[in-house]
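Going down the list, the sequences are from chains A and L. The opening position of the first sequence corresponds to residue 8 in the working numbering, with each subsequent residue numbered one higher. The opening position of the second sequence corresponds to residue 8 in the working numbering, with each subsequent residue numbered one higher.
Simulated from the structure, these hints should not be mistaken for lab results. For clarity, every value in this text was computed on a predicted model and none was experimentally measured. From the three backbone atoms N, C-alpha and C, an ideal C-beta is built for every residue, glycine too. Be aware that a few hints might be false.
Looking from chain L toward chain A, a few residues come up when the C-beta cut is under 7 angstroms (computed) [said to hold, decoys possible]:
hint	residue
1	ALA11
2	HIS14
3	LEU41
4	VAL44
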Amino acid sequence: MRYIALNSLRRMDADKKTHPTCERCVELELSASPGTNAQSLLIDLQCVWPPNTSSTKPSRQNSPIQLSQPTPYDATGSGSQAANTQSGSTSTWADQGTALTPLYDFANTDLSVPWDVNLGDLLPITGNGNGNGNGSGAAIEPYYGTPAATGNIGVGWTPMDGLQNGSYPQPLPIPTSTPSFESLAPIPETSIVLNTPSNQTMPWRNTNTVPTFPPYNPYPFPISITIPSTINDPIEHIFPSADSKMIFQHVRSKTSTTITALTTQSQTSNQNPFMDMALRTIMVDSTTHAQTAFRHAMLSLGAAHVCHQYAKASPVQAQKMRVRTVKSNRKALGFLGIGTSQAEQTDLVLATCLTLCVRNVPSYSYYF
Amino acid sequence: MTFALRHISRRGGPTALLSEATQGCDRRFILEQLAVVDLFSEFSFAEVEPADAVGTFTTGNEPSLLGDSATWWTEAGTSSPDYERYLGISKEMTEMVAKVSDLETIVIKLINSTASFTPE
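Please take these sequences and the hints and turn them into a complete structure.
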């Protein structure tokens, strides 16, 4: 059976009278009994291509719309008899030209609308707006209901216009915003590295070494100080240790400008009076106990400021600096007890006490 | 701060220190700063003396350097022109705050003494 059907399809394809993909042809051939000549059956039925996909629909005779012209579907189906009757031809639809002729009959017919015909009769309006049939704008633009007198489309229209009789199409939703494609874009894999000054001045943040600071913008020595010619670096002479020298340079550059009530530069000398006092006190004498106490007070002040400055960035180093400031504070107080016995060291003792009082400001903020 | 105040009182007070012939050029500046710390600051040597509380304006204690006899504070011709600039208030205002703190201390002492008195 299947062999017969395939051979028949090949022959039909060769004859160009039927088509191998015609559903009706295949169905008829497959349903044919083994003793039936399928090719003769198909030739008698005269398959017409292209096949009508609506063949499964019910007959149009039951439809309320009655067509005067037969269709190709009618020619091969239930309407074939009516078509033959209408055309008056006694032949079947075997002749393709004859069968398709009624389809193009309208080309010879004058379908132009006469001028005396009202447009409302051609396009009857049953909704609101110009529903009397005399208006032409409403028939063309029923979407907006009543056309605006000013000509602006959409003015005067409400969502309920035209919906009472159900004849107006529903207005399409107006897009409120353009779609954003940014969220669909792939997120590039990037890493942001902030080039902050703290990164530049903190090469020690991941190490266990003592922080090192460059001597940026150091506070100048007062003019009244006379540095001996034998001393090349007075700071190194006072603070021989590299760590203590570095901390003092931090005090000289940064801490002296951030101390409360001492930050403003002097109006007369344009210098910080605290640093003037500190440098002058340090350089006057470097051999007494009071001067040693003052140096330890300066180191305690610088270490407390460093601890306060980098407490969040480098907690480990901040903790080390905190230990250092406490030790320096105790050493300063110890040397103060010895140095107070000398009356000529009163200035140094008072300066040490003032420095330690100022030092408690950043250390207090670190504790809390 | 307590150590500094004790040292100053041992030397005869601010007036005696400023009258010395061997004083340095920064002694007045240091004394002024210590007086301001004594009046306003509330920080102390927390690691050494936790109970040491300075700042008479906030603690109610009697000011040591700016009491009734603080003539050195308003001596004519010795006022630093930069004082108001780096402190924010004038020297007269600072002296008035010190006197208010002193009077408040006296009132607090009187209240405490009368509270402990029980009439028979």
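Taking the hints in turn, this is what the structure says about them:
no. : hint  : result
1   : ALA11 : holds, 3 angstroms
2   : HIS14 : holds, 6 angstroms
3   : LEU41 : holds, 6 angstroms
4   : VAL44 : holds, 5 angstroms
Consistency note: the structure conflicts with none of the earlier hints.
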